[in-house]
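*Asks:* Here's the letter readout for the chains.
There are 6 protein chains.
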Amino acid sequence: MYVIKRGGRAMPIVTVQMLEGRTDKQKQALIEEVTSAVTKTTGAKETAVTVVIEEMSKSNYGVAGKRLID
Amino acid sequence: MYVIKRGGRAMPIVTVQMLEGRTDKQKQALIEEVTSAVTKTTGAKETAVTVVIEEMSKSNYGVAGKRLID
Amino acid sequence: MYVIKRGGRAMPIVTVQMLEGRTDKQKQALIEEVTSAVTKTTGAKETAVTVVIEEMSKSNYGVAGKRLID
Amino acid sequence: MYVIKRGGRAMPIVTVQMLEGRTDKQKQALIEEVTSAVTKTTGAKETAVTVVIEEMSKSNYGVAGKRLID
Amino acid sequence: MYVIKRGGRAMPIVTVQMLEGRTDKQKQALIEEVTSAVTKTTGAKETAVTVVIEEMSKSNYGVAGKRLID
Amino acid sequence: MYVIKRGGRAMPIVTVQMLEGRTDKQKQALIEEVTSAVTKTTGAKETAVTVVIEEMSKSNYGVAGKRLID
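Protein chains in written order, with numbering that gives the first Met the number 0: chain A, 0 to 69; chain B, 0 to 69; chain C, 0 to 69; chain D, 0 to 69; chain E, 0 to 69; chain F, 0 to 69.
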């Protein structure tokens, strides 16, 4: 059980934009490892760290003017 | 030196929103550790991982209806 | 009918990230209530307020290192 | 005092992008009113709602191809 | 083949939020044209420009308190 | 003068994250060119296109685990 004071912190908020296709296992490990990377280096409490994964499709993502799907 | 193919990948893109006030050393370590957390769990190449830090002020951030500054 | 001058404002832009699963009725009410909360407190015109809802799945969202789905 | 279970929710996350220049009082009221608009319409707990204000300058913001500052 | 130095730049990052429904051809052209608009005006290298398209549904998007779908 | 119907569209919304340091002239041209790139390829009306520039500092931005500033 974790206690946050009224007006407590729900930061840092980490958003990971990546191509779709990773497995559930990879996403689970990603959230765990990113959370500990953040707590270890910023001093934030584990309960304060939120991680959001945004999956992108290759048809909606481009580098150097080219979509990955093309 | 790292080589990316034309239309290579500049993903995953990781955005860390956190309260202002961390030291340069902490930010350096944060980018390093988050990058390895992502490469380790998603298989992405290190050169493909971009990390952006967005620093928030306590007057612009609230939880449970209260700003942290108040 | 609303008139905006060339170069008029389409701000504030409000993005609501929330777990998927709310009904259409809830989303309709959310956009309406958030818009009036913003106009009431910032003085922005109703026509200037844009609200974007981003729905998250429990498998892509984690707090304290744990995904909500796990 | 508010208690969140390990892996509890820090969602919805509301980001308000608006032009810089509002007073502290306005920002305080904005966070309060947006939080209650969200809890009232989505059923989310007040402690779960995070509001982030991102202030924009007129030189970095444009509509219909024109910056507000020009 | 493009070479980026270790710690090279993967910026600017352009995110285009737009209503769903555009064709693949339109998305291809959008990424190409936005990339050249950015390189032409900021001096950034083409290989440094990332474009991400986020498609919105009319049920999750509202202006002036009204969802587009309603 | 441009007219938008109640509940009209203020999309697409384009966010350009780039390193700080461009001149006002460059930002003006960037907003103009990105707006026409979007209208030309998506069919959106010019008045519907919003462009937001988010300027990053080299100390808050990293690729391949290294901050640009280091």
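Don't read these hints as lab results, they were simulated from the structure. Just so it is clear, CB atoms sit at the ideal spot from N, CA and C, and this is done for glycine as well. Each hint should be verified, as a subset may be incorrect.
Examples of chain E residues lying across from chain C (beta carbon under 10 Å, computed) [unchecked claim]:
id : residue
1  : S35
2  : E53
3  : S58
4  : G64
*Asks:* State for each hint whether it applies.
*Replies:* Each hint, compared with the structure:
With 10 Å as the threshold, the beta carbon of S35/E stays out of range of chain C, its nearest partner Cβ sitting at about 24 Å, so the hint is violated. Interface hint status for E53/E: upheld, as the beta-carbon distance to the closest one in chain C is roughly 8 Å, under 10 Å. The interface hint given for S58/E holds, since its Cβ lies 6 Å from the closest Cβ of chain C, which is under the 10 Å cut-off. The beta carbon of G64/E is positioned within 10 Å of a beta carbon in chain C (closest approach about 4 Å), and the interface hint is therefore held.
When the structure is compared with the earlier hints, a violation turns up for hint 1 alone.
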